[in-house]
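Chain order of the listed sequences is A and B. With my numbering, the residue at position 223 of the first sequence is 352, and numbering never jumps. With my numbering, the residue at position 177 of the second sequence is 235, and numbering never jumps.
Mixed in with the good hints there might be a few duds.
Derived pair list, reagent style DSSO-like, types lysine-lysine, alpha-carbon separation capped at 30 Å [claimed, not checked]: (1) LYS133(A) / LYS135(B); (2) LYS317(B) / LYS545(A); (3) LYS366(A) / LYS200(A); (4) LYS415(A) / LYS135(B); (5) LYS545(A) / LYS242(B); (6) LYS328(A) / LYS298(A); (7) LYS377(A) / LYS477(A); (8) LYS477(A) / LYS387(A).
Which chain B residues face chain A? A few, computed with CB under 10 Å, are given here [to be verified]: (9) TYR125; (10) ARG127; (11) ARG175; (12) ALA177.
Derived by calculation from the structure, the hints in this document are not laboratory data. Cβ atoms here follow ideal geometry from the backbone N, Cα and C, with glycine treated the same way.
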Amino acid sequence: MQQKRTNRMDSVALVGRAVDGFYADLRDAGERKDTVAFCDGFPLPFPLLRAMDVSYFYGDAYSALVAARHKEKPLQQVAEDRGFIVEVCSYTRNAMGCALLPEEQRAGGHPLWQIPHPSFVIVTDPGCSMLVNWGDAERRQFNVPMFVVQLPHFWDDGDEAEAMDFTVKQLRECVTFLEDMLHRPFNWDRLSEIIADTKVATTIRKEAMEMCKVAPSPATFFDWASALGGVNYLLGKPQCRELYQAIKDEVVQRVQKKEGAVIGEQYRLYWDGIMCWPKLGVLGDKFASLGACVVAGRYTHLGFYNLPEAMDPTKPLESLAANGMALHANHNLDWLVDNISNLCQEYKIDGLVCHAHRTCRPLAAPQLEIMDGVSRRLGIPAVFFEADMADETFYADAQVDTRVQALLEEIDARRKGR
Amino acid sequence: MGLVAGVDIGSITAKTVLMDRDGRLLAQKVLHQGIVNEAAALACMGATLHDAGVAQDDLEFIVTTGYGRSLVSFGHKNVTEISCHARGAHYLFPDVHTVIDIGGQDSKVISLDDAGRVAGFNMNDKCAAGTGRFLEVLARALDVALEDMGRMSQVSGNPAQVSSLCTVFAESEIVSLSAQGNPKVDIIAGLHEAIGRRLQAMVKGVGVRPRVMMSGGVAKNQGVVRVLERLLAIEIVVPEEPQIVGALGAVLYALEEVKSPTV
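Work the whole structure out from these sequences, hints included.
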């Protein structure tokens, strides 16, 4: 590989500090014996929990974080020892490894392993084959109640109004579940404030992301993947708005100065699939070293609270439902090909990179058809590499090198007309 | 003297092709190296230069390819084996649209457009299942010469059922098949069937467009080629020296560089 050409965003480093603060607060909540919720799946219930001042542990984001910080291997071993074999979702394995960690290993281990036990579990399932089983394993491990929100899957063009009613009804039941768990009435006024605040924060983030349509792009997919920390940990807090404002300010400055996130941007790429968290820095540098800027992705741009315009403080549950229903994973192949193609056109994408994550089968299953559909529609090349979102044993550097380099050669050949 | 070289540094063999500035092929070499390293690649290039009666100093531009392409220091540019196989195949057979390459430790299928550009590809290389190394290990287990496997399999009237393509499991499976009294020719034919079925899915993933060419060391095994022809219902052309296609593509990239430099 060639020289390092990554021009990292200073403001994205703020995410790491905010995340550390979140986990410190969570540990404090545990020590105070406060109520703690375990949440897995789409981050839909966080505003509800925030409205009731309940601390939460978000299994998916936690598993990504420990993988990105290389603290996941002992957790995976503990999980595997209890039968969560390597073919099982690595997010589940990391989180369950933490849940199953022997007390002496937890107490003497990394601060990220010192997670308090839950009072209840909430699963928000967008049609994943694992999530309900994962939540159920936590429920059984800690002997606590569980609530499941099932996000509707738009396998055909379907009735959105019906899906909205279905989702809102479940959120109302979730509110009742929280009232039962906490023995106090739900704070609707606080929820409206949180929705208003979330609308502002996610609007700022969306505006900053859309500024990356220019070339050179001021930020990368890897920056936006890191910046998901705001949604995952800070929704409803002033810090969330401040974080995205700081990122947007830096993006604006870079656009004004025509400063790219990749020095000498030559190629603009789209990323399909979840981030490969153990290789966040490695992959950022690898693509940059070849002059390739991964500009946009399904995970970051069609995933988490990307519909701020649907946020209405007077209709908080509908606002949440609309954002949950907008998640890419709930939609059929035609929707995915249409929306990803539009994204690629808006961001002037030259080629598609598909991360086929070995242990997230539901998201990986349609990838071949998605890439084929988008590639044919836009006439741009696509490449696959197999790895995983949180288990680096599935990653092989030489294979990624060959595939990425071959993709860029394909783009070059098309540009040269031979 | 202005010569150009393409060096394909694979997992088992190094291959070199030498050309002059007019695109005349001067020499080519395939060297079994056992392990990827710079010394083996240099030895292969040295032998090629010797055959052509020229010196290292006569080389103006070298393109490296294969898994070891960026591990060696003497190349001026490296190009992936995907692009090089496509370029080499198009040079040998301009009407080729699909290349099936089975090398020492990986296999790939490349789709070419009419201009010989890569239109898509599929690789499977996280284990040696169904590759040259797989056949090497199983040839040893069966106590037959690797180069005899193709011929032997063609006299089989009843290929054995080999279900696993994992090198380790397949080895135990053929021990069982031998113990059950299955003739070696049937076991080898069964292995070729298993490789063919695996490749068939990869080829169909990319799309089969005639003409289909096969390259890599396994292309010398007529048993595997015949199985693939049957499964894909298409004729497969194999170049005279199928192991040289990647290096040939690399030398063509080198030639392009001396004519219109990009580095």
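For each hint, the structure was consulted:
no.: 1; hint: LYS133(A) / LYS135(B); verdict: 18 Å, holds
no.: 2; hint: LYS317(B) / LYS545(A); verdict: 15 Å, holds
no.: 3; hint: LYS366(A) / LYS200(A); verdict: 27 Å, holds
no.: 4; hint: LYS415(A) / LYS135(B); verdict: 17 Å, holds
no.: 5; hint: LYS545(A) / LYS242(B); verdict: 52 Å, violated
no.: 6; hint: LYS328(A) / LYS298(A); verdict: 22 Å, holds
no.: 7; hint: LYS377(A) / LYS477(A); verdict: 20 Å, holds
no.: 8; hint: LYS477(A) / LYS387(A); verdict: 16 Å, holds
no.: 9; hint: TYR125; verdict: 6 Å, holds
no.: 10; hint: ARG127; verdict: 9 Å, holds
no.: 11; hint: ARG175; verdict: 5 Å, holds
no.: 12; hint: ALA177; verdict: 8 Å, holds
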